[in-house]
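Number of protein chains: 4
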Amino acid sequence: MDVGFIGLGRMGRPMASNLCRKGFRLTVNDINPEAVAELELLQARGAGTVAEAAAAGQVIVTMLPNSAIVEQVVGGAEGVLAHARPGSVVLDMSTIDPETTDRLARQAEARGIGFVDAPVGRLASHADRGESLFMVGAAPEHFETVRPLLEAMGSTIHHCGPVGSGTRTKLVNNFLAVASCQMNAEALALSQRFGLTLETTLEVLYGTTAVNGQLKIAWPTKVLKGDTDPGFTIDLAHKDLTLIVEAANAAKVPMPMAAAAREAFSTARARGFGGRDFSAMADALCDVAGIEKPRLRQA
Amino acid sequence: MDVGFIGLGRMGRPMASNLCRKGFRLTVNDINPEAVAELELLQARGAGTVAEAAAAGQVIVTMLPNSAIVEQVVGGAEGVLAHARPGSVVLDMSTIDPETTDRLARQAEARGIGFVDAPVGRLASHADRGESLFMVGAAPEHFETVRPLLEAMGSTIHHCGPVGSGTRTKLVNNFLAVASCQMNAEALALSQRFGLTLETTLEVLYGTTAVNGQLKIAWPTKVLKGDTDPGFTIDLAHKDLTLIVEAANAAKVPMPMAAAAREAFSTARARGFGGRDFSAMADALCDVAGIEKPRLRQA
Amino acid sequence: MDVGFIGLGRMGRPMASNLCRKGFRLTVNDINPEAVAELELLQARGAGTVAEAAAAGQVIVTMLPNSAIVEQVVGGAEGVLAHARPGSVVLDMSTIDPETTDRLARQAEARGIGFVDAPVGRLASHADRGESLFMVGAAPEHFETVRPLLEAMGSTIHHCGPVGSGTRTKLVNNFLAVASCQMNAEALALSQRFGLTLETTLEVLYGTTAVNGQLKIAWPTKVLKGDTDPGFTIDLAHKDLTLIVEAANAAKVPMPMAAAAREAFSTARARGFGGRDFSAMADALCDVAGIEKPRLRQA
Amino acid sequence: MDVGFIGLGRMGRPMASNLCRKGFRLTVNDINPEAVAELELLQARGAGTVAEAAAAGQVIVTMLPNSAIVEQVVGGAEGVLAHARPGSVVLDMSTIDPETTDRLARQAEARGIGFVDAPVGRLASHADRGESLFMVGAAPEHFETVRPLLEAMGSTIHHCGPVGSGTRTKLVNNFLAVASCQMNAEALALSQRFGLTLETTLEVLYGTTAVNGQLKIAWPTKVLKGDTDPGFTIDLAHKDLTLIVEAANAAKVPMPMAAAAREAFSTARARGFGGRDFSAMADALCDVAGIEKPRLRQA
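Residue numbers (the working numbering), protein chains in the order written: chain A, 134 to 432; chain B, 134 to 432; chain C, 134 to 432; chain D, 134 to 432.
It cannot be assumed that every hint is accurate.
The list treats identical chains as interchangeable, and a pair is accepted whether it falls inside one copy or across any two copies.
For lysine-lysine, the following DSS-like pairs were computed, each having C-alpha atoms within a straight-line distance of at most 25 Å [unchecked claim]:
| no. | residue 1 | residue 2 |
| --- | --- | --- |
| 1 | Lys358 | Lys155 |
| 2 | Lys385 | Lys372 |
| 3 | Lys426 | Lys349 |
| 4 | Lys155 | Lys349 |
| 5 | Lys155 | Lys372 |
| 6 | Lys426 | Lys385 |
| 7 | Lys155 | Lys385 |
Worth flagging that the hints you see were computed from the coordinates, not collected in a lab.
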């Protein structure tokens with residue numbers, strides 16, 4: 134299948150690479166020529182413009198940093214929708230605000246182009262291994278069209294409903310994942326200040342309904358053993374919380390804990406933790422309050 | 134072993150019953166004579182005063198509603214410490230503020246009496262079945278003294294550290310368990326307003342680090358199937374959050390999400406949800422915001 | 134002086150009218166032809182396009198609803214900057230996010246066009262009477278150019294600094310004005326629940342540093358006497374809080390009270406108070422919590 | 134008139150002194166003998182026990198640090214109510230939680246003793262000059278009894294309603310006064326980060342409904358000119374916020390901004406600002422976020 138692929142950043146590059154390796158014929162575009170050159174080594178064709186990449190594919194994948202850029206690259210005068218073939222399908226895998234998704238989907242439909250939103254779950258390291266999780270919003274026929282691509286890039290695919298559902302599901306999911314970090318930070322800062330033994334506290338928490346995925350799965354290999362190299366940065370988590378809080382306010386859903394969490398991430402960023410792994414919210418809070426960081430004793 | 138047992142409420146009664154059934158000789162006291170009479174049917178001896186129950190035991194168990202009552206019953210002029218035998222051990226299983234625990238432990242030590250704090254985890258229904266979880270703060274020798282009682286009343290025992298550690302661990306644990314309810318409420322209210330399918334949203338969340346114990350274990354059999362009969366009420370959860378937020382403020386640990394969560398529980402109580410199960414925080418938020426309650430379709 | 138004026142909504146119309154009445158020669162544009170016709174009665178010239186209005190003025194005033202619309206109307210392909218005369222000055226009086234202001238100012242400068250941001254304080258009724266307050270960001274020479282217009286539309290003019298300073302000052306100002314409403318709502322809800330007499334409570338507050346402008350100046354003639362007809366709606370206040378919280382997060386300034394206030398406004402909107410005066414935040418909180426609304430006894 | 138006076142701390146000492154100077158015959162008690170000795174120089178009689186001071190007065194004034202101490206000193210076995218003469222009046226001027234006030238008032242009534250709550254507004258420096266403000270809860274006849282004392286100690290007296298109303302009014306008042314500090318801190322931190330000129334920002338704010346008493350009256354002579362010597366410390370402000378938030382939660386009044394403010398004060402205390410003036414909340418936030426402190430240029 135011919136695929137246009139626009140956006141070869143930290144996530145887009147391995148995703149495009151996996152498509153190439155699994156036999157898709159890619160025409161790729163990015164503002165960074167080195168990223169394009171890297172994909173050309175895998176037999177992708179480099180395109181100098183968005184328009185060229187858009188025109189080349191039965192499916193055009195976009196993997197871009199934020200709503201404004203997606204709006205411009207997909208919906209702009211020289212963008213994807215202006216140059217994609219009728220009958221093709223745009224597969225936007227960026228994490229953006231759902232109203233932008235809805236607007237672009239309507240514009241696509243008016244031009245006889247399909248539109249699927251399929252933001253990506255899990256970390257960049259999963260994308261490297263073709264083990265991403267996708268939350269997909271698509272009409273059934275468009276879902277069937279893009280499914281082979283998704284299977285080439287990831288290992289878990291959720292068809293969440295019509296177009297727009299993927300983006301919205303990701304916001305709900307990432308709210309819990311990201312806000313849990315600040316909630317855990319508060320719990321562990323309290324445990325530390327109380328002079329409790331971290332290992333014992335965790336043993337208790339892991340055996341009750343107090344447990345959560347961040348605390349049980351992610352943190353023991355990251356912040357709790359002192360590794361705050363980013364799998365997913367506090368800056369990116371803050372970006373997601375911003376999308377979540379904005380979308381919730383637009384939809385008149387009061388989310389006071391989400392709002393409190395976002396300000397905590399803002400504090401962490403103001404204090405220089407923005408580039409650290411989002412589990413380092415524990416360190417950021419302990420840093421603010423003068424509390425010893427939570428660390429597991431070496432086995 | 135001779136055991137004094139003071140406080141035969143919803144939790145204390147099954148705990149004392151389990152002790153009786155497993156061969157401990159109990160002398161029991163409560164302000165409610167019916168509760169005492171019920172235990173007498175299980176061969177416990179009823180005591181008309183706290184002092185009498187305190188004097189009768191090698192271990193004196195207290196299971197009482199709040200810090201002020203524990204302060205009075207244990208530390209008061211006619212209380213447990215004033216009448217317990219030297220060498221006996223007070224086993225306080227109430228959930229109270231840790232500074233009260235510390236103060237009573239010091240008073241006990243000054244009188245040659247041991248003090249153990251062992252607040253109870255899990256629900257009243259677990260206590261009925263002798264399947265409670267205990268978080269224990271105790272010197273090693275006192276822990277050994279009370280261990281047989283704990284084994285008779287529960288199935289999971291965590292020795293968290295010296296006296297005071299049980300109470301503090303419970304606060305950390307219950308913060309996560311209780312605050313998760315409001316976090317989940319916000320997530321599901323957003324999902325509902327977005328028009329997502331609840332079953333699909335949950336399927337996604339259950340497969341990522343967004344998952345938490347409330348959402349995965351507790352809620353599917355409670356609020357999500359429309360059962361808000363209390364296992365643990367919003368009023369009690371609010372009481373715990375109050376202890377947590379107060380203890381954190383006393384210890385100078387900033388917990389903005391905890392504070393936001395408590396106000397959400399306060400809102401729920403103001404709106405008449407106080408007697409509902411704490412999973413009904415989902416309903417309380419949807420009620421405030423005019424959103425359809427999250428309910429799983431019947432299988 | 135020849136003036137282009139784009140945006141004849143609830144605020145723009147009286148502002149343009151005051152300019153006409155005081156001798157400026159206006160060329161006006163709006164998407165609503167009735168608003169244009171109304172101004173034509175005051176000798177303004179109606180323009181069918183933004184471009185036509187932009188080309189007609191030595192100063193081009195824009196008074197538009199939000200950042201996206203300003204971006205398009207001022208910076209778009211058929212927008213003000215594309216058609217304004219070199220040497221003219223754009224006077225944007227909309228309330229928008231400051232990064233948009235900065236971006237448009239740079240684009241203007243590149244074309245040899247001046248740019249001034251001068252968002253409007255006070256209410257629509259003040260605009261009617263030519264008594265608005267303006268917070269102006271401008272280079273000194275551009276400030277001198279627009280000053281006669283500002284003097285024709287308002288009675289208080291603050292030159293806050295270079296371009297961008299007007300918008301930023303308005304955000305700081307409106308944060309305090311708007312967030313005070315929720316703070317006052319919490320105070321008065323507490324007073325009501327406590328059973329205190331509203332008049333006495335206010336008498337005390339007015340004599341201490343607890344006082345604020347909303348409580349002292351605005352509320353006695355609005356919500357406290359039962360008038361919640363909008364001078365400034367909760368929806369608009371929520372829009373301003375959104376700009377504030379977003380700008381603060383972008384600038385890494387943690388504002389936990391602002392974030393909490395915004396969720397309270399979101400709750401009020403979810404409950405149908407969005408079209409009420411922003412002093413009705415007091416009613417919204419009392420409505421949520423089942424508390425009697427605060428009302429002054431009739432004199 | 135014979136007056137018992139218990140509690141000669143930073144506030145109690147000048148209040149008692151003013152009573153002595155204006156002709157009241159005081160019998161004073163404090164745990165600190167030096168404070169008692171100081172009053173003896175003003176012809177007060179020192180009492181070795183609370184009981185002795187209580188028995189000596191037609192009115193017994195208590196000015197104590199917190200609810201627990203008032204409970205013990207007034208309601209305890211060797212306390213004021215146990216030893217006061219029938220027909221005397223207890224005038225509690227401490228700032229405590231209103232439920233304690235109500236409980237003690239009921240105990241007093243049962244013994245034929247009057248009870249008045251009259252917590253003190255304004256700063257210690259006002260108490261020195263006899264210029265305090267009092268918020269009084271009292272039955273009319275008891276109000277008349279204590280009025281001469283209040284007039285000797287302060288310059289503004291508000292009779293807010295029946296017993297309990299003084300304490301409750303103070304909580305409402307201090308919520309606004311104290312929470313305003315964090316609100317102002319957020320506003321000025323934003324202004325500083327935006328690069329605005331502090332003097333200009335204040336000039337704007339002072340002319341709109343954004344103004345508040347802290348910003349206008351208190352701050353220009355304190356934090357904004359670099360003086361953070363305590364008139365009223367962040368620790369005491371945090372104590373008041375704690376009373377407010379607890380009382381609101383007990384009364385089911387959701388106060389999300391109050392809760393957010395309290396965590397901000399907790400952060401400031403964790404960072405060592407607890408002993409500074411409460412206007413230094415501005416410095417505490419700027420310190421956390423790496424923002425230059427707001428300071429007025431020297432005239």
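ask   = Are there hints from earlier that the structure breaks, and if so, what are their numbers?
value = 1, 4, 5 and 7
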